[in-house]
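**Student:** Model the full structure from these sequences, guided by the hints.
There are 2 protein chains.
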Amino acid sequence: MQGELKIQETTQRKPKPDTANLSFGVYMTDHMFTMDYKKGEGWHDAKIVPYGPIPMDPAAKVFHYGQTIFEGMKAYMGEDGDIRLFRPEKNFERFNRSCRRMSIPEIDESFVLQALKELIKLDRSWVPSAPGTSLYIRPFAIATENHLGANPSLSYKMMIILSPVGAYYAEGLNPVRIHVETRDVRAVAGGVGEAKTAGNYAASMQAQENAYGAGYSQVLWLDGVHRKYVEEVGSMNVFFRIGDRIVTPSLSGSILNGITRDSSIQMLRDFGFEVEERPVTIDELSAFAEDGTLLEAFGTGTAAVVSPIGEIGWNGKTFKIGGGETGEWTRRLYDELTALQRGDIEDRFGWTEVICSAETTQG
Amino acid sequence: MQGELKIQETTQRKPKPDTANLSFGVYMTDHMFTMDYKKGEGWHDAKIVPYGPIPMDPAAKVFHYGQTIFEGMKAYMGEDGDIRLFRPEKNFERFNRSCRRMSIPEIDESFVLQALKELIKLDRSWVPSAPGTSLYIRPFAIATENHLGANPSLSYKMMIILSPVGAYYAEGLNPVRIHVETRDVRAVAGGVGEAKTAGNYAASMQAQENAYGAGYSQVLWLDGVHRKYVEEVGSMNVFFRIGDRIVTPSLSGSILNGITRDSSIQMLRDFGFEVEERPVTIDELSAFAEDGTLLEAFGTGTAAVVSPIGEIGWNGKTFKIGGGETGEWTRRLYDELTALQRGDIEDRFGWTEVICSAETTQG
Ligand SMILES: Cc1ncc(COP(=O)(O)O)c(C=O)c1O
Ligand SMILES: Cc1ncc(COP(=O)(O)O)c(C=O)c1O
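Just so you know, the protein sequences line up as chains A and B, in that order. Residue numbering for the first sequence follows our numbering, starting at 1 and increasing by one per position. Residue numbering for the second sequence follows our numbering, starting at 1 and increasing by one per position.
It is possible that some hints are incorrect.
[Unchecked claim] For lysine-lysine, the following DSSO-like pairs were computed, each having C-alpha atoms within a straight-line distance of at most 30 Å:
#1 A/K90 to A/K121
#2 A/K16 to B/K39
#3 B/K47 to A/K16
#4 A/K14 to B/K39
[To be verified] Over 12 Å on every C-beta distance to chain B, these chain A residues come out as not near it, computed from the model:
#5 G3
#6 P15
#7 D18
#8 E79
#9 E93
#10 G149
#11 G172
#12 D184
#13 G272
#14 E274
#15 P279
#16 T281
#17 G313
#18 E336
Calculated from the structure, these hints are not laboratory results. Even for Gly, the Cβ is constructed at its ideal location relative to N, Cα and C.
**Tutor:** Here it is in structure tokens:
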């Protein structure tokens, strides 16, 4: 199908940013992966080339009709100096699920995963190793046909770009204040909330800006039908510790099936905790907060891994969770999951794969 | 703000396509309008330049987070050889409403409308004049900041491109079969259905493809909350003639406020017909079809202007409307609205504006 992978190495490597000030998604590495699709021909011309701009026709469908999907994953370098991927096959599986929903042709998952490994090897000197840092990986596909018509594009471009990212919690785990959005809706069952597609993020910006303006750092989204079931927090899945159980909203059709969510459920159960996936209403959370049984809350996602929630603002009321401090179970999950991802502890789940050993990394 | 408009004329005009085979949105004219936005600086560098590709960084936010909006409008050349715009200020008003919802900075509507007129003058030889043909106008804005972070972009590009389009109904008004979508949802109240943003169109492609596959040409969308209120048909607003009244769904928060919809309501009332804007359920339509009072149905939008509906398929049942023929009121609205847009009849509503008179057009 896509033939063999061609590699064109850059002749001029870029200076590396200061790893103490990486921030998120600002710096891109030296190379990128690209592959094209044309109806009748399939995916073809897979190659790794120097990172740089792509010429786009102003009539390209992505600009007008939004057919695009993406993934977010990370490569980690821990104490042993090896570079590891965390459950990457899950991301490419989800990539293809998103493709199906958005009428984008599916990719060959194992071919692209192999290409990603080659890309990271070529740019391995960009993988930061300080605690909390990692190489963020962004596979994406866009509709490229030049035609003003709202039907599926006849051509696409799939790319992978890489960005070294800094520690999300520069000063340790920090509980955030979140705001329950009661006007805007991120996604609805029957819509595209289960797909990792651009439109979901554009739709959420207004509420996010309003939450910032009111002193909150994230939005807690409610479902679009009943406006009472909790769905996600910002771009993360959400978990609550109620007494000695952990509860997370079940995948309702409008929630992204997070890979950190799935890993967290497995790891928490492995710790011996009871985890329930079920519909969760904002009213019951408020009641649990009042009677003192809402002990912890946190978001999960590739970017922050685990993000403790210290306070929820809803309809003018606010309720603190766990006294506004990071909960014990939240911290344990964060510590263990990040250590496993970096290869600093044994991987009893088989989730990580070394793709560059320390010797080649230093080389 | 954006300073004065610079114009760089092409040195090599493209050959024109055969006006008998224009199709829709395939050919672009010789020039395009572009303008840039940067936070702190505002919109700037407004210019008309030769049509051509724009270099985009792979990390540009539009590809990942979908902040983009567009408009669709037309310029017409009728029997008198003048070139006219139809209510263009309404499109730029809606452009800015879409901007606000999508956290994109608003444009100076009158400046951009003026720039559009200059652009059309420069490319006036591209405006086709055969009945049913027109120059399609596509203003749009995209997020251009190179940053992998799901918050509003700090830079944008706004463009206008032009495309001569053929007659929608090559062989006269043709009633279509439409399929009531019961699984997928286009938009939900609280979402972005009221904004003309790319994600809405990507979300609707799967259902559209399924409808095609089942022999229908458009989807009839139901609301995302109750799944019973009729919203739009394909990318058009929808109207029903029930006995001697005309009914169209009221703007519910998830319906695009169509300019053809508004013009149709005004013109139908001017004809002396009663028009109601109110919630319409699919059940009542089915009942009206059964008792013989659902006499006509049609979609309205810039592309087709008026599109008669001859048959509705819903949950395995189908019901014919008006014997599957184009209704009398539908045809009258189509004939009169298109004639007014082309300047072939008197414009008693003040909706059209001549922007190039026949002399300059021939020149
Ligand atoms: C909307 C949304 N929800 C949840 C998540 C978490 O998914 P994952 O754990 O796979 O990163 C993401 C992505 O990071 C997301 O974009
Ligand atoms: C979703 C949708 N509904 C309705 C319409 C009709 O709007 P207008 O009459 O302004 O073209 C359009 C645009 O053409 C649309 O994209």
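**Student:** Hint by hint, note whether the structure agrees.
**Tutor:** A quick look at each hint next to the structure:
1. A/K90 to A/K121: Measuring from Cα to Cα gives roughly 20 Å; hence the hint holds.
2. A/K16 to B/K39: 26 Å, holds
3. B/K47 to A/K16: 36 Å, violated
4. A/K14 to B/K39: Holds, because 27 Å separates the two Cα atoms, which is no more than 30 Å.
5. G3: 22 Å, holds
6. P15: 17 Å, holds
7. D18: 18 Å, holds
8. E79: Check passes; 27 Å lies beyond 12 Å.
9. E93: 19 Å, holds
10. G149: Violated: least Cβ distance 5 Å, not greater than 12 Å.
11. G172: Fine: 22 Å to the nearest Cβ keeps A/G172 off the interface.
12. D184: Label violated. Min Cβ-Cβ 5 Å, cutoff 12 Å.
13. G272: 35 Å, holds
14. E274: 33 Å, holds
15. P279: 17 Å, holds
16. T281: 17 Å, holds
17. G313: Its Cβ never comes within 12 Å of chain B, the nearest being 18 Å, so this holds.
18. E336: Non-interface label stands for A/E336: nearest chain B Cβ at 27 Å, farther than 12 Å.
Of the hints listed earlier, those the structure fails to meet are numbers 3, 10, 12, in rising order.
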